[in-house]
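**Q** Residue numbers (my numbering), protein chains in the order written: chain A, 1 to 194; chain B, 1001 to 1194.
Hints should not be assumed to be uniformly reliable.
Claimed, not checked - Below, a list of computed lysine to aspartate or glutamate pairs in the EDC-like style, where the Cα atoms sit at most 20 angstroms apart:
| hint | chain 1 | residue 1 | chain 2 | residue 2 |
| --- | --- | --- | --- | --- |
| 1 | A | Lys5 | B | Asp1153 |
| 2 | A | Lys60 | A | Glu155 |
| 3 | B | Lys1179 | A | Asp103 |
| 4 | B | Lys1005 | A | Asp103 |
What the hints assert, rightly or not - Covered stretches of chain B (in silico footprint by chain A; criterion: 3 or more residues with CB under 8 angstroms from a CB of chain A, positions within the stretch not fixed):
| hint | stretch |
| --- | --- |
| 5 | 1007 to 1014 |
| 6 | 1021 to 1035 |
| 7 | 1104 to 1115 |
| 8 | 1148 to 1154 |
| 9 | 1181 to 1191 |
Unchecked claim - Chain A regions said to be covered by chain B (calculated; three or more residues, Cβ under 8 angstroms):
| hint | stretch |
| --- | --- |
| 10 | 4 to 16 |
| 11 | 29 to 39 |
| 12 | 43 to 57 |
| 13 | 63 to 76 |
In short, the hints are calculated from the structure, not lab data.
Glycine is no exception: its CB is placed at the ideal position from the N, C-alpha and C atoms.
2 protein chains.
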Amino acid sequence: MLSDKDLDTIFRSARTHNSWQDREVSDVTLQAIYDLMRWGPTSANSFPLRIVFVKSAAAKERLKPHLSEGNRAKTMQAPVTAILAWDSRFYDRLPELLPHNPDARNWFAGNEQHAETTALRNASLQGGYFIVAARALGLDCGPMSGFDNAGVDREFFPDGRYRSNFLCNLGYGTAEGLKPRGPRPDFDSVCEIV
Amino acid sequence: MLSDKDLDTIFRSARTHNSWQDREVSDVTLQAIYDLMRWGPTSANSFPLRIVFVKSAAAKERLKPHLSEGNRAKTMQAPVTAILAWDSRFYDRLPELLPHNPDARNWFAGNEQHAETTALRNASLQGGYFIVAARALGLDCGPMSGFDNAGVDREFFPDGRYRSNFLCNLGYGTAEGLKPRGPRPDFDSVCEIV
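Only chain A is shown next, with the shape it has when bound in the complex (with noise of 0.2 angstroms):
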């Protein structure tokens, strides 16, 4: 079990940053993000989460147009802005990431709506990963689905196989621009036990 301080890093006090300091996020703190967050499970290992790190300057500038407005500024002072985006064509990797299961492709193969609801809901659950394992490093994250989706993809993935699924600035927070925290649901209002 982790400390309440470690629970407090990636969960409690941890939160949505709108400025960051002026500090470089290296390359290799980047593939650390992606080594501990590619652990966690999706459904029949299918991992369609694809990502982009937007690092440099001239590639920060192709993605400003497709941003809205309330988070232009923010997205262009962070160090790192990466576009969390998903496979539509996942399930061509399968014999490779399922190999004790040869007919795992044709699960999803022809079957485009079955195939587009399991990379959402398992790029998106790797989404939550990636958040957390950002945080467990050290990282502050700024997660935005303010943006155009459609000009985001004819940017980034002009052959348009895959398909950006929400924005998240990495770097290293100030307080300035934080927000009051939102509140949550009580337990009773969303769960139940029975």
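Chain A is already provided as a structure; the job is to place chain B on it using the hints.
**A** Chain B only, in chain A's frame:
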């Protein structure tokens, strides 16, 4: 930053369990999982996740006919099976959850496709927080997509408002029935730094 041992607990050594010690999971522990995972961020603080913890023998029997064959025995043996669902009318709580933006409900109400994608994305993200929180408290997880969603919804959510997303067995695992760990993609095959 978390210790190597703790990173093992929540990511690197954690496995999807198929067999369980004969050891109860208390209601207090279920509430403790929720009290951690609820702090994870969601878009517009939308919090679409809903959870039914299926714990009694009678409730397990209601779940049983909807499980796929391969998931039946281990689920019936698990101390608790959580139904992770999403609320199709999650936006009705936005005036309470996002009080500084009184217009937020209208971003979703009357736009069913956008609401559904938002709910599936964010409830699945919360599923990632849920799995990590359970592991952080010393529990083992057995998440599953192999069940009849429509059947579970008819049985547990007859008014049609909540929709099942995935199931997760909870308890203290044994090594019995652990499969060889599935391979994970290399960084370069699914990530890019630009």
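**Q** Now tell me if each hint is right for this structure.
**A** Cross-check of the supplied hints:
1. Lys5/A x Asp1153/B: violated (38 angstroms)
2. Lys60/A x Glu155/A: holds (11 angstroms)
3. Lys1179/B x Asp103/A: Holds, at about 18 angstroms.
4. Lys1005/B x Asp103/A: Measuring from Cα to Cα gives roughly 36 angstroms; hence the hint is violated.
5. 1007 to 1014: Since 6 is at least three, the answer is holds.
6. 1021 to 1035: holds (count 5)
7. 1104 to 1115: violated (count 0)
8. 1148 to 1154: n = 0 at 8 angstroms, threshold three: violated.
9. 1181 to 1191: holds (count 7)
10. 4 to 16: holds (count 8)
11. 29 to 39: As far as the stretch 29 to 39 of chain A goes, the hint holds, because 8 residues have Cβ atoms under 8 angstroms from chain B.
12. 43 to 57: Result for this restraint: holds, n = 12.
13. 63 to 76: violated (count 0)
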